[in-house]
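A.B. asks: So the chains spell out like this:
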Amino acid sequence: MKEKRKKIFGQNITKTILALTLTYVIIQLLVYTNIINSYLQITLATICINIILAVSLNLITGFTGQFSLGHAGFMSIGAYACAIITLKNPTTTGFVLGVLTGAVAAAIVGFLVGLPTLRLQGDYLAIATLGMSEIIKVVFINLDKITNGAAGLSGIPQFVNWTWLFVFTAGTILVIFNLLRSSHGRACISIREDEIAASAMGINTTRYKVIAFTFGAFCAGIAGALYASYFYFIEPGLFGFQRSIDVLVIVVFGGLGSISGSVLAAILLAVISTYLQALSEIRMILYSLLLIIIMLFRPQGLLGSKEISLNFFKKRGKLFPGKGRI
Amino acid sequence: MEQFLQQVVNGLSLGSIYALIALGYTMVYGIIKLINFAHGDVYMIGAYVGFFCMTTFNLGVFPSLLIAMVLCTLLGVTIEKVAYKRLRNATRIAVLITAIGVSLFLENVVMFFMKAGVRSYPAMTGFIAKKFKLGTMVITMQQVLIMVITIVLMVLLQYIVKKTKIGKAMRAVSLDRDAAELMGINIDTTISFTFAIGSSLAGAAGVLVGIYYNSINPLMGTMPGLKAFIAAVFGGIGIIPGAMVGGYFIGMVEVFVAGYLNSMYRDAVVFAILILILIIKPAGLFGKNVREKV
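Chains as they are written, first to last, in our numbering: chain F, 1 to 326; chain U, 1001 to 1294.
Where hints are given, some of them may not hold.
Simulated coverage check for chain F against chain U, where a stretch passes if three residues somewhere in it have a Cβ under 8 Å from a Cβ of chain U [said to hold, decoys possible]:
id	stretch
1	139-150
2	155-169
3	226-239
4	277-288
Think of the hints as simulated: they come from the structure by calculation, not from any bench.
Note that beta-carbon positions come from the ideal geometry of N, C-alpha and C, so glycine has one too.
So that you can see chain F by itself, here it is in the shape it has in the complex:
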């Protein structure tokens, strides 16, 4: 039993659980005492949803080395599934069912799309996944009867609060973190480092690429479901090319191949964007300049492929060796 717990929560079980509980309690207190007011709560939800998206995209792009630009497409599947189910059945059970259905539907689409397209490499895969997400968008626009077309669905019951956000975000991070430390995860990293060498070593590269892609899609589905339930309005235009790019920016900004980097970048970018709201006119200009400058002067992102662990200050541990190159 202890062994198993050790496997799930890492070497410092108590520390990990303590840190998770502390994060939860502190933020819950801040919400309760209204220091995090309803405006900042939107930022909080954005951060959590972006963390789920970024960590799962990092699994596909940063760790497995498959460049995907279609994350928004998977997200929209989760969002629509959850929205449609909770609109029919506005209870907590309905919400949980909606999130699960959304995630599974996204994973199924991810699997079906991934199987043929993951044979492609690099830029081609990026464009194919981009095309897939555009096709999903067009399908949602044209399924008028179910999705209300381009006008979108509104009045989705809001079930998501900090507790749900925390459960799903922490859950995603833990699962992906553990997946990466398993033999499956190492196989994924070996594909990133050198696909030919990996397959020569007997790794079924297609299988692991599809696993990573499907699981990434699953998590994106969860993020989409949370989005729909928190912001109670969705339309196909929300899940366009721009959103895939936003997620990719978070991943690259944090560092390809660094989960804590993705988390940090999701928080930083959301905070920056909240404060830039006042300068909404030039916000996007600054955002794009920031992106170019980061790429020119620190192309490996904030953390590179390093991780911040709990004892980061004792030793700057490198959990996943390798340079994070594609």
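With chain F's structure known, arrange chain U on it following the hints.
C.D. replies: Below, chain U alone, put in the same frame as chain F:
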């Protein structure tokens, strides 16, 4: 039958524009293996330059076209020097994200100064407003102009690439960069020149689209940019005739889907074609399969 021919003419006009943009994509990809996402926005800026030439300065179509081409050339070379040159040896994904950053930057700067709204090109007068009627089929002078200008530019491009020294250098660099450098070819100049030609073609496409569709907006470059890229992939990326054929093909498909099926589906069909090509023949129509060596 006449409706069919009308669609063919419309498809050729739209295809010309895609082909012009696709040429820039394919040349840049051929030489530095980068999907230059900012290329669609260079096209957008070309359209705006043309707009200002025609409205504020009251210039004719041809002077506007030339000015737009020159300014886009400068813009393309500047983008290459400022944003991509430093990353010559960086990872592909880093350069790609820089390209996305440049694209967002151009869109938002234009949106900041021009506001997000749609602007209309002035109504064409004189000989450009002419229409030819063949039965029920109507060919406008704009369409003729687009097709003729595109063909002239393509012939010019073929001449530059095949017959001039710099064209030879471009081909050499795209074949093997290191070997070309060892043979004394200046890589930086060649890459800048490639960007210059590609951007000038995109600028021309921008003005032509303004004349043809009349309305322009700061985000007009994204979709045509992606579709032109698909056109380039269809023809075999890095291959110049491939981009031309691909451009016309995508234009035709789009017009026919919109005309005979449902205009809502045209984007989806184009992307579906892309995925099919990538699965069936990733090297494209004219591409050769290159075996990977370890």
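A.B. asks: Does each hint hold? Answer for all of them.
C.D. replies: Hints versus structure:
no.: 1; hint: 139-150; result: holds (count 3)
no.: 2; hint: 155-169; result: violated (count 0)
no.: 3; hint: 226-239; result: violated (count 0)
no.: 4; hint: 277-288; result: holds (count 6)
Hints 2 and 3, counting from the list given before, are not met by this structure.
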